[in-house]
Structures are given as C-alpha cells and as structure tokens.
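Colleague: Note that this note's numbering has the sequence shown beginning at -6, numbered continuously upward.
Be careful, since some hints might not be right.
Said to hold, decoys possible - Pairwise CB distance ranges, derived in the manner of DEER restraints:
#, residue 1, residue 2, range
1, M66, A39, 31 to 41 Å
2, E201, H391, 22 to 32 Å
3, T53, T83, 18 to 28 Å
4, S350, G380, 42 to 52 Å
5, V185, H55, 12 to 22 Å
6, M66, D35, 33 to 43 Å
7, P177, S346, 36 to 46 Å
8, D35, N392, 24 to 34 Å
9, P383, M66, 43 to 53 Å
Bear in mind the hints are in silico, worked out from the structure with no lab data behind them. For each residue, glycine too, the CB sits at the ideal point set by N, CA and C.
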Amino acid sequence: MIRTRRNPAPLLLALTLALPAAAAAAGSMSSPAAASTADTSDVRVAIPRPTGQYEVGRDTLHLVDAGRRDPWMPTAARELMVSVYYPARTGGSAAPYMSVDEARLLLKGQRLDTVFKAGQLAGVSTNAHLNARPVGGRHPLVVLSPGFTLNRATLTTLAEDLASKGYVVALVDHAYESFGTTFPGGRTLTCVACETVESAPTDEAEKELMAKAAVNRAADLSFVIDRLTRPVRSAPAWRHWQMIDPRRIGAAGHSLGGNAAASVMAADQRVRAGVNLDGSFFAPVAVSGLGRRPFLMLGTKVQHSPGAADTTWTRDWPRLDGWKRWLTVADSGHFTFIDLPILGAQVGIVDPSAPLSGKRSGEITTAYVGAFFDQHLRGENQPLLNGPSPANPEVAFHNP
-6 MIRTRRNPAP LLLALTLALP AAAAAAGSMS SPAAASTADT SDVRVAIPRP TGQYEVGRDT
54 LHLVDAGRRD PWMPTAAREL MVSVYYPART GGSAAPYMSV DEARLLLKGQ RLDTVFKAGQ
114 LAGVSTNAHL NARPVGGRHP LVVLSPGFTL NRATLTTLAE DLASKGYVVA LVDHAYESFG
174 TTFPGGRTLT CVACETVESA PTDEAEKELM AKAAVNRAAD LSFVIDRLTR PVRSAPAWRH
234 WQMIDPRRIG AAGHSLGGNA AASVMAADQR VRAGVNLDGS FFAPVAVSGL GRRPFLMLGT
294 KVQHSPGAAD TTWTRDWPRL DGWKRWLTVA DSGHFTFIDL PILGAQVGIV DPSAPLSGKR
354 SGEITTAYVG AFFDQHLRGE NQPLLNGPSP ANPEVAFHNP
C-alpha cells in the first residue's frame, strides 16, 4: 500500500478495498462517486425485496465482552453492536437502516457527502420489521462482518435475503473500525483503527495491523456466537435465541470481514462454512487448512482472478482443504457485494470502473451466498455452485 501523510483518505480507502500496493498506487478507490446532475435528494431509496418465503424481523443488541480489552482503545472493554435478522410471520414498524450520524460519517468517509444526503441514506427503506413474530423451528445461524471502515448496515441486502430464506443472521459492527457506529444513548464511535493503521511506519506494519484486526474480529464473532447460543443464566442476549440451531453455523464477510470469516473458522470449530466477499487474506489461512470445512471466495474479476493484483487468494487457495469455490464477477467493483451500488443506482450514482448494475450486484451476491449456505448448512444440493450458468454470465469459476 502507498504511504501518505498529507492526506490519509486515499490510504484508508485503499484499505477499505483491501487492495495491494500495486493497485493502491494507481490512485483512489473505485467508488460509486460519479453522480447525475439531477437533484435526487427527495428520492426514496430502498433495499430490494428479499427472495425467500418468509417475512423478516430484526432486533438490535449491544454486547460487551467484559473479559477482553478493545484492541484500538485498551482502556475499554470490547463492545459490539449486532443486528439480528430472523425469519418472521408478522411484524410491527419498519426497521431503520442506520442512524443519521452513521450515515453522515460514512458518506463523508467515502467522499459521497456532496451527492447523497445523510438523512436520505439513514432513511433507506428496509424490509425488516421490529417486534416481528418469529416462525417456528430451529434455524441455521450466519454471522456477518462488514468491510473495514464500513457500517454493518451496508450488508443489509444480504442479511435480509438470508433471513427470508430461513436463516438467523447476526450482522456485527466492530467498535472503532467503521467511520461511525452508534451505540445506545446516542454515542457514536468513529474509526480509531483508521488512525492507528495510518500511523503505522511501514506498509508491512500496516498489513500486520490489518491481520491482527481480522483475528480480533474472529474473536468478536465467536463471542457473538457464544452469547446467542449459550444464554447466561436467566438473561439470554437475544430473546429468540432458541430459534438457533447451534450445530449449523456459518460465517461470511465483505473485505476485511471476509478475512475474519476464514479466521473464525480456523479458531472456532462451531463454524461449519465460510464466505469471503472480495477481501484480502491479511491473516493467512493456516497451512494446515480449515479442517476440511467448505469455503467460498467471491470477488471482482480485476482484483481477484488468478494472477491478479491480490496474490493472497492464489497463496491461500491450496490451503483450503475442503469443498471450495473461487468465483469472480465481471464488471464488478469492491462495493458490488454490499448495498452501496444498489442504493446509488436509485439516485443516479454510478461507478464507471464497475459498470455492473446495482440490481445484478445484489442478485449475484444473494444467489451465490444463499446457495452456498443452503448446500453446506442445510445439505441441499445447489447446481448453481457446480459451474458457469447462462443465467449468470458475469460469474466465472476458477480452479488454478
């Protein structure tokens, strides 16, 4: 990664993208920052309707790991904000997308504050409902981790879609690792981790910090699994915890969150399957593998094809010792796998370097991640994962 002191934003944006030095040196991030000139501030923006059979409920949890110090703020215990999505029958009011403070800080950090209003982003229409009545039965759990600097809300499309298909989804915000995360009482924590990484003396030191962040996120995800599946005496962390089948747990994440998914599999045998969405393996997959458990890598064609700029996928592919797939998406960018292209398209924000439509971005991500977990947590054979398909010509399969 390039070194810069006068303006830290390009470096932090490159870290958000998890790009190696050769790509980062080319300039700034590939973000959806080209907007139409029309005033779209009054356009109502919405998350796409989920594809599953169930309605979606959502609860929000504030979890504190009192036994662990925060790596970025060692005087404090590690805190997490968790949105729990679940299959539901009926619901009450619509769940909010994010707070105005979170939206303002995210837009400023991604240099989108001149083309997208904070209130507009905070007011995105979601499909989840508060106080929704859950469906019966036991359901697989998927823990989700967002990209570095990004709020957990940016994975709402994927979380809602999985929940509509019968999964409980725990979408985690890692304190001090996003541009802004709002905690109870209205306090909003900013990205101390960004400042720490930027102040590292060398590129190698930066990469070491990112590797430690991935491993620490793995500990966060294990803690969330503990709190959702092992209620403490009479005070379970989540009121519907009995919905979860603790024998069927998966992990997925975007960018650094994808690295965390692999790291939690290495550390926690309860996690049976994992997905990396366009993330570099700053923390390498162990040479000994992941205990023959399945893993999916889904990324951009430009950065993550065999022989492309991010060499960590080529390095770690042979170490994945179970069922595995390496897929890339043509015309995609780093944000293809999260909400931003979907929302941006609705207000005329486009990324010329990643022309895949917001609609297809969401469809591809939810289809392949959903099929992966259906096959490996439910035992349902998914032909979509067997090879290229006419319905998804953008998706290439690799086996170097």
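Colleague: Would you mind marking each hint as holding or not holding in the structure?
Modeller: For each hint, the structure was consulted:
At about 35 Å, the beta-carbon gap between M66 and A39 stays in the expected band of 31 to 41 Å. Between E201 and H391 the CB atoms are about 28 Å apart, so this pair conforms to the stated range of 22 to 32 Å. In this structure, T53 and T83 meet the distance hint of 18 to 28 Å, their C-beta atoms being roughly 19 Å apart. The hint said 42 to 52 Å for the Cβ distance between S350 and G380, and at roughly 24 Å that hint is violated.
For the pair V185 and H55, the beta carbons lie near 18 Å from each other, so the given range of 12 to 22 Å is met. A C-beta distance of roughly 39 Å is found between M66 and D35, which places it inside the suggested range of 33 to 43 Å. For P177 and S346, the Cβ-Cβ distance of about 39 Å falls inside the hinted range of 36 to 46 Å, so the restraint holds. Our hint of 24 to 34 Å for D35 and N392 is violated, since their Cβ atoms are close to 49 Å apart.
Here the CB-CB span from P383 to M66 is close to 51 Å, well matched to the stated 43 to 53 Å.
Hints 4, 8 from the earlier list are contradicted by this structure; the remaining hints agree with it.
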